[in-house]
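Colleague: Sequence:
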Amino acid sequence: MWSLSFPLLSLTVLLCATRLIGGYSFHYCIEFSKGQTFKCIHRNQQILGDIIKDLPHSTLDLTIAINPVWHIPDRSFIHLRNLQQLRLDHNHLRVIDQFAFQGLHQLKSLNLSFNYIPELSPSVFDDLYNLTFLSLTNNSLKRLPHGIFSYLFNLNTLIIKQNYLTNFSEIAKAVSSLKNLTLLDLCFNRLTSLSHSNVSLPESLRMLYLCRNNLSTLGCEPSFLGSIEILDLSYNSELPTKALEGVNLRRINYLRLRSTKVNIVEFIQNSDIHVGHVDFTSTHLNTEAKLVELCKLLKRKLSRITKLTLVGNKIETLRANTLAHCPNITKTLDLSKVGQNKSDCLQFLKKQRQITTFIAEHNHYSSLPTCEDEDPFRQLEELRYRYNRILSVNSHAFHHTPNLKTLWLNINTIAFLHQKALSGLRQLSTLRLDNNLLSDLFADTFEDLFNLNILNLRNNRISVIFNNTFRNLKNLTTLDLGGNKITHFEPSGLCGLERLSKLYLDGNNLQTIDSSAYHIFQNTLTTLDLRQNMIYFEEDVNFSPFVNLTKLDDLKLDEQKPYGLHILPRTLFRGLYSLRSLYVKNNMISYLAADVFRDLKHLNFLSLDNCCVGPTHLPAGIFKNLTNLTILTVENMGIQNLSTEVFGNISQLKKIQLNHNVMQTFPVTVLQSLTKLQYLDIRNVPLSCTCENSLLKNWTVNNQKVQMIYLYSLPCPHDPKVKFFNFDTSVCNIDLGQYLFFCTAPWIFLFTVWPLLYVKLYWKIKYSYYVFRSWFSEQWRRLREKEENCKYDAFISYNSSDELWVMNELLPNLEGNGSSFKICLHHRDFEPGRYIIDNIVSAVYSSRKTICVVSRNFLSSEWCSLEIQLASYRLFDEHRDVLLLVLLEPISERQLSSYHRMRKVMLKKTYLQWPGSECTNPPQAQGLFWSQLRRAIGTTSRIETEEKGTRVANKEDADASDNHV
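Heads up: the sequence shown runs through residues -23 to -1, 1 to 942, numbered per mature numbering (1 follows the signal peptide of the UniProt record, and there is no 0).
Accuracy of the hints is not assured; some may be wrong.
Claimed, not checked - The calculated PhoX-like cross-link candidates involving lysine-lysine, where the alpha carbons are at most 25 Å apart (straight line), are:
#, residue 1, residue 2
1, K700, K768
2, K150, K119
3, K533, K479
4, K238, K156
Think of the hints as simulated: they come from the structure by calculation, not from any bench. None of these values were measured; they are calculated from a predicted model.
All chains should be modelled from the sequences, with the hints used to inform the complete structure.
Modeller: As structure tokens, this is what we get:
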């Protein structure tokens, strides 16, 4: 009695334990903050109610984006009364009912942008008393109904740009009651004027954006814009100077008039605006004479100006005295997009030596000349030459700006940087040279840059870092060399970088990191990026190139070219005691040692996504020292099995992503060991809906601790219509006594009742037998019809080394020579871009048969082993003869001993032996082989277990071939 009751007691205790720690999920959303923040993105659902029906009342922040939702019905969010942030952007919204947002009294932000809303009900926002932000950007609104914003007492930001609004008076009436409104954005509409009738803008309004409309006049009262501080009228191409006459602009701090017909000089003469608050970008100052006229006018009104923006005015040449007519510019002069061809050592700024920032982007500079003999601009601290056509920078090009702190030379075509080009820049702290064509850096290129903190050389053509290149950059903290062609560093290539903290070397051609590179990676580093290089390691590596990096916090080794790292030496991460983030994803690692992560005791984040070749076995104890790990991503690693020995010690783990792996079972004990787990992603994992997973199924539906991502969409492999969370587990929990009763009752009936019935009802039984046989024949016919509806007749599982035989022998004899079979092959019929495991499962279940071409290479292949495993699972699950074995070469019993699954199948099923070439066998042997194989593919009989063992068809027993499958 004890031997029977003890297992039942253990099972009961385990079931009770699973109720203490359970999983939960949401049909279409992912929780990002416990019970508060949810994102429902790209879920392909049209019904809003279905998306949010299972969200908790505590939800504060909700995003529903990139879905085909077209309608928001009344009271849609009535169960989410605590919502404060609601995003409904980038959907297909067309209809919003009158009481759609009823009950959302706590809502502060509502984003309805990028939809197709043509109209709104006047009372649609009535319940949103606390709303402060509303965006209706990029919809199809043509009008705003009266009183639509009447109850938005706290609204301070209203964005209605990119619609079809034409009536400004209607808009003004709609917003006039918004006493707290500070920003109103009406850009990209179809307004032609600001005419209004007996209405005024809220006194609180400070920012009004009217760009890209069709304004040809303002047509408003002089005091209408009296409270506005930022006014954007740009890109109203028909707006004339006269439209601004008499308008009160005294409070304007920033005015944009670019790409209008406003004569800027005439406007300033007749306006009460502070001229220092006008943006002169693209205001038709296309000649030097017009600029001089403007400067004289500005100088009459004020003696100094903080910033002068002349972007887009096509002033191709400036003489030394041109800007002398302007008031003193104390901070910034922007001459971007003016069409200048030469910098001339900034001689046109001779009369403006107080400037601290000079910007000349998007011009036509082709070179920067030598400026060694020019008078210095000692106040200039920032210089921007981005987006030009600079090909060369000559010696002492910045000798005239000795106090420069920030220099932007990026996004040009610089191929020649003179060794003395940067000479004299002893105060420089930031240098941007990225996105150019530099190929060489020399020992004295950065000789004078003692105070440089940030150096960006990304996306050039540098291949070698020569000795002493950075020897004087003792204060450099960030060095970006990513996106170059660096193959190696010379011994002293990075010497001198005593304070280097962040080093980016991604996207280069580094092949090895050996002991000679110790000096490269100094103890000051906190971030090291080695992604997309060509790094690989040999098996016998017994050192760590990172051993001295005791302060390293972030290490990236992703996507090594062309095929990944292959091997992670067990000593690779030795000494990285401070590491918190490690990225090794998108490599093709064939082996992971159990102690490879031994020293990473402070690691918080580990990414191993797509890092392995074929099905992966995680060795026991591989994560045992990662006691501080909180996030683990192991997507698409080919993981087959999980155990507490692998995950048992990472008790701090909060998030684990296991999607696109191949395990068919998931022990609940693993989840029980992860006591702080909050997030589990097992999407696209073929978990079998069998008793092996009954505890997991019960765990997923009990309690509320661990979020299971999209659990309700997880299908059963044998039938996608059945979902994992609700497959039938009643048979798994059957009572033992009941089970024994059902097992013994048929035998009792057979030996006691059957003889009596046989004597008394012989003819009736015989008649029933023939009726049953007739019914069974009909069912058999229907089964054959079902098989005929399969997409393929056979899926061929083979090793790539046997591909020549498959293509030259198997395929012609099955698809050609009068045969009409449709065959599924990896390279021909698998769907590109789809995960390999998904393609294999689809091929096995959409083919009537699975033919395994067995050879020694086949036995050693992980993928082939997975394919026969799936086929045999289908065989035992559906009880149909779907598996055919073809032995391409003789394989002994001893060789099969280590392949338990293969040996088990071969003991219970007959198989075919390829007879070999006609030179060593009778000529009819191959013909007989193909005849038997075609007949086996066409067979639809149920499985018949052969107790006699294996029967082999070869040249010696060809006469017995009729016994083969």
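Colleague: Next step is simple, just say for each hint if it's right about the structure.
Modeller: Status of the hints after comparison with the structure:
1. K700 x K768: Answer holds: K700 to K768 is near 23 Å, not above 25 Å.
2. K150 x K119: Satisfied, since the Cα-Cα distance of roughly 15 Å is no more than 25 Å.
3. K533 x K479: Holds - the C-alpha atoms of K479 and K533 are around 12 Å apart, at most 25 Å.
4. K238 x K156: Violated. K238 to K156 sits at ~34 Å, over the 25 Å cutoff.
Checked against the numbered hints given earlier, this structure breaks only hint 4.
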